[in-house]
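Q: One letter stands for each residue in the lines below.
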Amino acid sequence: MIVTSDQELKIVFAGPMGAGKTTAIRAISDTPPISTEVDNIDRALCDKESTTVALDYGQLLLQDGTAVRLYGTPGQERFSFMWEILCGGAMGVILLIDGSSSAALSDLRTYAETFHRLNPNQPLVIGVGRATCTDGRQLDEYADAVASRGIVAPVFDVDVRQREDVLLLIETLLCILEAQAPEADHAAG
Amino acid sequence: MVARRIALVKPASVVEEKITHALQLFDSILWAFQGTTRVTWTLVAPEAAEVIVVHEGDPDQRIPAWRAGGKLIIEISTRDSSTSALVYPFKASQALALLERLGTQLNLRGAPQEADRSPEASVPRRSHEPWSFVETLRTIAEVQNSEAWLVARDDRIPCLWLRADGAVYAAEQATIHAIRRGTLNLASLTLQKGSLPEGGPSPRAGVELSWFAGYYASAGLAPWLKPTVRYRMQRWPNFGLIRPLPSHIRVAAALTSAPGRAHEIAARASVSTEEATRTLNALAVANVLVASGDEVLPTKIAGAPAAAPRGGLAVFLSNVRRHLGLGV
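For the record, the sequence lines run as chains A and F.
Just so we're aligned, residue 1231 is where the first sequence starts under this note's numbering, counting upward by one.
Just so we're aligned, residue 80 is where the second sequence starts under this note's numbering, counting upward by one.
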């Protein structure tokens, strides 16, 4: 059977403002990502010049014609109504957190709980950028915080400017999808 | 530095696997803490030893004779015991406290022996037990001493520096590659107290070292894992720091969907049983593996299903991997 391109197969990149969603999509998208960015008026919250207000969009065009759409959710919580819309039917969510932010842990809890609540069976992979502690202990704390909420999700140190780091997150998402698939689907591979 | 001689005596017929593990753990602790304690313990034959470590139930007829001859006999038990000095699994701190007491006791008996300062004596014995290095990592992770550093030598040449809590290590790029490829026999390294050289290699996360040490230690299941038990992950290891092989991610993902034994996980992750076993070992060293039933599983609530590729998930995932150049 051939996968056709009229299906919406999508992966969502979520997380607070400045966590690197646009950068991550740019790292792997086959086409230059389309961003609906405007001047950032929340400079107190995140010091970057522009931010995404609706969504980022990129895509992977597979050899058989299948398009995998890559969506970046707007980071600001006042656009949270978009999260549910974008995540509906998605193959999985990659949550990006800025580890250098003083709100990193609370951001992680808020976003992980929100996306887990929207769809508990949807694979969730968490990437933490700019971690302040090089020995991994910061992320151990984050992983424990996620696990204590009954969410089994990988939490990795990443630098989304590096394509291989974004690919690590994608590969993990694919492996989780594979593991969740019925046995018959495994055999097909 | 005071030198003392110690012997570990394994029972002639081992009826319980735990006995071997208990003696291995004690051996690893001796090895890991060489140079960090007031007494230097050297492993020798029982006849030459001042202290002999035996299993509680060992019927060896030589034990009463050794005791009568003035040797200190330490009994390790593998089940609850009020009479044994150590009950397996014991903590490194318990073993070290016991060794400290024995050292004091021997000092009170007579003049301590000065440590041999010849170059040969400064090089500790090599341990070729496949799990000895991993056991050391597990032990120091438990002791949590972030003040000290240990230096690992290969043929007397320093090749790896390890902070004494195991959280950080440092090595030259070639050594790191060898660790990641499994071509450096970590179990053959000698480990002593030392310090990280100024301007030396940059520190890296210790979880990378312990992951690959656990993965390459043996094709068989780690001594502290049981082949009959189903395991699952309580959380994912930090693969961002470990940079695992693609097969490691598949095994880890397979463990999040359901608990399993090595062969079951292998089938689920489409990898060989050896690959699944080695990854289980690495997950255990990373301290993220639990026996099934030991923890509360996350609640599963039905949600909106994701769009399914019509050609089948396996074909789709294979296409995505090929497109992104991801290893399978």
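Hints are not guaranteed to be accurate.
[Stated by the list, open to error] If you anchor each label on the Cβ, the simulated ranges turn out as follows:
1) 298(F) with 1264(A): 43 to 53 Å
2) 371(F) with 1367(A): 21 to 31 Å
3) 1378(A) with 124(F): 46 to 56 Å
4) 1351(A) with 278(F): 43 to 53 Å
5) 1330(A) with 253(F): 25 to 35 Å
6) 1379(A) with 353(F): 46 to 56 Å
7) 309(F) with 1380(A): 12 to 22 Å
8) 1392(A) with 186(F): 30 to 40 Å
9) 227(F) with 1393(A): 36 to 46 Å
[As the list claims (entries may be wrong)] Below, computed lysine to any residue pairings styled on SDA-like, alpha-carbon distance capped at 25 Å:
10) 170(F) with 1367(A)
11) 170(F) with 1382(A)
12) 170(F) with 144(F)
13) 97(F) with 167(F)
14) 305(F) with 1367(A)
15) 170(F) with 227(F)
16) 97(F) with 147(F)
17) 305(F) with 1382(A)
18) 97(F) with 366(F)
19) 170(F) with 148(F)
20) 97(F) with 272(F)
21) 89(F) with 147(F)
22) 150(F) with 169(F)
23) 170(F) with 1374(A)
24) 89(F) with 181(F)
25) 272(F) with 87(F)
26) 272(F) with 1371(A)
27) 97(F) with 222(F)
[What the hints assert, rightly or not] Covered stretches of chain F (in silico footprint by chain A; criterion: 3 or more residues with CB under 8 Å from a CB of chain A, positions within the stretch not fixed):
28) 209-223
29) 273-287
30) 319-332
None of these hints come from the bench; they were simulated from the model.
Predicted model only: the values in this text are computed from it and were never measured.
Built from N, CA and C at the ideal position, the CB exists for glycine as well.
Q: All hints, please: hold or fail.
A: Hints versus structure:
At about 49 Å, the beta-carbon gap between residue 298(F) and residue 1264(A) stays in the expected band of 43 to 53 Å. Under the hint 21 to 31 Å, the C-beta atoms of residue 371(F) and residue 1367(A), about 27 Å apart, fit the expected range. In this structure the hint that residue 1378(A) and residue 124(F) lie 46 to 56 Å apart at CB holds, the actual value being about 51 Å. For residue 1351(A) and residue 278(F), the Cβ-Cβ distance of about 51 Å falls inside the hinted range of 43 to 53 Å, so the restraint holds.
Range check, residue 1330(A) to residue 253(F): about 32 Å between beta-carbon atoms, so the 25 to 35 Å window is met. At roughly 35 Å, the beta carbons of residue 1379(A) and residue 353(F) sit outside the given window of 46 to 56 Å. Remark: the range hint 12 to 22 Å for residue 309(F) to residue 1380(A) is upheld by a beta-carbon distance near 20 Å. Between residue 1392(A) and residue 186(F) the beta carbon distance is about 57 Å. The supplied range of 30 to 40 Å is therefore violated.
Checked against the hint of 36 to 46 Å, the pair residue 227(F) and residue 1393(A) passes, with Cβ atoms roughly 39 Å apart. The straight-line distance between the Cα atoms of residue 170(F) and residue 1367(A) is roughly 22 Å, inside the 25 Å bound, and the hint therefore holds. For the proposed pair residue 170(F) and residue 1382(A), the alpha carbon gap of about 29 Å is over 25 Å, so the pair is violated. The suggested pairing of residue 170(F) with residue 144(F) is violated, with an alpha-carbon distance near 30 Å, which exceeds 25 Å.
Note on residue 97(F) and residue 167(F): the hinted pairing holds, with a Cα-Cα distance of about 8 Å set against a maximum of 25 Å. Our distance criterion of 25 Å between C-alpha atoms is broken by residue 305(F) and residue 1367(A), whose separation comes to about 29 Å. Between the alpha carbons of residue 170(F) and residue 227(F) the distance comes to roughly 19 Å, so the proposed pair stays at or under 25 Å and holds. For the hint linking residue 97(F) to residue 147(F), the alpha-carbon distance of about 28 Å lies beyond 25 Å, and the restraint is violated.
For the given pair, residue 305(F) sits about 24 Å from residue 1382(A) by alpha-carbon distance, which is consistent with the 25 Å threshold. Distance hint between residue 97(F) and residue 366(F) is fulfilled; the C-alpha atoms sit about 20 Å from each other, no more than 25 Å. For the given pair, residue 170(F) sits about 30 Å from residue 148(F) by alpha-carbon distance, which is inconsistent with the 25 Å threshold. For the proposed pair residue 97(F) and residue 272(F), the alpha carbon gap of about 29 Å is over 25 Å, so the pair is violated.
The hinted pair formed by residue 89(F) and residue 147(F) meets the criterion: a straight-line CA distance of about 20 Å does not exceed 25 Å. The hinted pair formed by residue 150(F) and residue 169(F) meets the criterion: a straight-line CA distance of about 23 Å does not exceed 25 Å. Note on residue 170(F) and residue 1374(A): the hinted pairing holds, with a Cα-Cα distance of about 24 Å set against a maximum of 25 Å. About 20 Å separates the Cα atoms of residue 89(F) and residue 181(F), which keeps this hinted pair within 25 Å; it holds.
Taking the CA atoms of residue 272(F) and residue 87(F), the gap is near 23 Å; set against the 25 Å cutoff, the hint holds. Only pairs whose Cα atoms come within 25 Å are accepted, and residue 272(F) paired with residue 1371(A) is rejected, the gap being roughly 29 Å. Only pairs whose Cα atoms come within 25 Å are accepted, and residue 97(F) paired with residue 222(F) is accepted, the gap being roughly 22 Å. For the segment 209-223 of chain F, the stated coverage by chain A is not satisfied: 0 residues place a CB nearer than 8 Å to a CB of that chain, which falls below the threshold of 3.
Beta-carbon proximity to chain A at under 8 Å applies to 5 residues in the segment 273-287 of chain F; the threshold of 3 is reached and the given coverage holds. Check on the segment 319-332 of chain F: 8 of its residues sit with their Cβ under 8 Å from a Cβ of chain A, so the three-residue criterion for coverage holds.
In summary, the structure is inconsistent with hints 6, 8, 11, 12, 14, 16, 19, 20, 26 and 28 from the numbered list given earlier, while agreeing with the others.
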